[in-house]
Amino acid sequence: METIKIQGSEDTPKIILDAANEILEISGRSLPEDVSSFYEPVLNWLTEYTENPNKKTIFNFKLTYFNTASSKLLLDILMKLEEMHEKGQEVLIRWHYPEDDEDMAEAGEEYADIVDVPFEQVSY
Amino acid sequence: MDNKKDVKGFLEFVYEFYKSMKAHEITLVYEGEITHQITKAFTSLTESNMSKEDEPNSVQRKVFHVMVECLQNISKHADDFTSNDYLFSGRGIFLVSKGENEYSVTTGNAVENDKIEYLTELLENINRMDKEELKELYKKQMKEGRLSEKGGAGLGFIDIKRKTNKELEYHFLPISDDTSFFLLTSTISRTDN
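Line by line, the protein sequences are chains A and B.
At the far end of the first sequence sits residue 124, using the numbering used here, and the numbering has no gaps.
At the far end of the second sequence sits residue 1193, using the numbering used here, and the numbering has no gaps.
Since the hints were derived computationally from the structure, they do not count as laboratory data.
Each hint can be trusted.
Here are the simulated PhoX-like pairs of lysine-lysine, each with C-alpha atoms no more than 20 Å apart in a straight line:
no.	chain 1	residue 1	chain 2	residue 2
1	B	K1019	B	K1098
2	B	K1166	B	K1131
3	A	K80	B	K1143
4	B	K1139	A	K80
5	B	K1166	B	K1098
6	B	K1140	A	K80
7	B	K1076	B	K1040
8	B	K1040	A	K14
9	B	K1163	B	K1131
10	B	K1131	B	K1143
11	B	K1115	B	K1076
12	B	K1019	B	K1008
Pairwise CB distance ranges, derived in the manner of DEER restraints:
no.	chain 1	residue 1	chain 2	residue 2	range
13	B	E1112	A	T50	39 to 49 Å
14	A	T50	B	A1041	31 to 41 Å
15	B	S1051	A	I4	30 to 40 Å
16	B	Y1030	A	E10	10 to 20 Å
17	A	Q89	B	G1145	22 to 32 Å
18	B	M1021	A	E90	52 to 62 Å
19	A	P98	B	S1020	30 to 40 Å
20	A	K56	B	H1024	53 to 63 Å
21	A	V122	B	S1051	20 to 30 Å
22	A	T50	B	K1166	35 to 45 Å
23	A	D18	B	K1052	31 to 41 Å
24	A	V122	B	Y1030	31 to 41 Å
25	A	I4	B	E1112	35 to 45 Å
These numbers come from a predicted model, not from an experiment.
We put the CB at the ideal spot given by N, CA and C, even for glycine.
Hey, can you work out the whole structure from these sequences and the hints?
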């Protein structure tokens, strides 16, 4: 499967979707000018990945900031992972947050409430 | 400005303007079209100023959040209507002020009068809600709401109230029979974070 690597910038996150090396990660800041088109390749990649996933899928979120428009697209990503979990595939979300950032920790808790998928909070 | 007297008058106005900015502790003011580039420039400028001044991380993050949502409110909603008037095409005024105890982020943009009732209800509803209710509303809107064509998620006001923990202060001033100027100000405490 094709690997997606997007360099982060001041308003877009770094994204690695590499099935062969089992790295699925979104990190940095997310306030793209057009959230839907920015996240579209990520959602498409996940749809394809779901057809033939690795034995175990760990998805890492390590965001320092995201705007409200991004929050909706992050939920779309989490819902794709929830679908995989519902189909009986092994999925784990790791939500990383800076240890002094209560709001980012809380955002993780909220997502964990909404989607039914194993969810781990990791402070750094 | 075709004669000396006019130039002098203008420069005196600039000085008055400068003094009144100082008196109101305004650190940033802008009038015009709010684009993504403007949003990036203002947030990064404010961020570097706050970091130079050793503002606590939690305050920096809140100011950043509120600025982005306020700016995007204008860029995504200020041109939601039919008029071709320059007033209505994603333009507005944007101010940041820094006092001893708090930052304020203020926006102003023209809205059609028939939006006033909707906006008032929306803001009053958010202002009435406590932390837990706001959290539930945010989750509900994230799940059920749809992104508008311009990428508005209907979450901005909720997020601002949650991040600042303060009521959203707003005011409508008449421009014409059909339109009003919508002002909104959010304050971020520098002390109780």
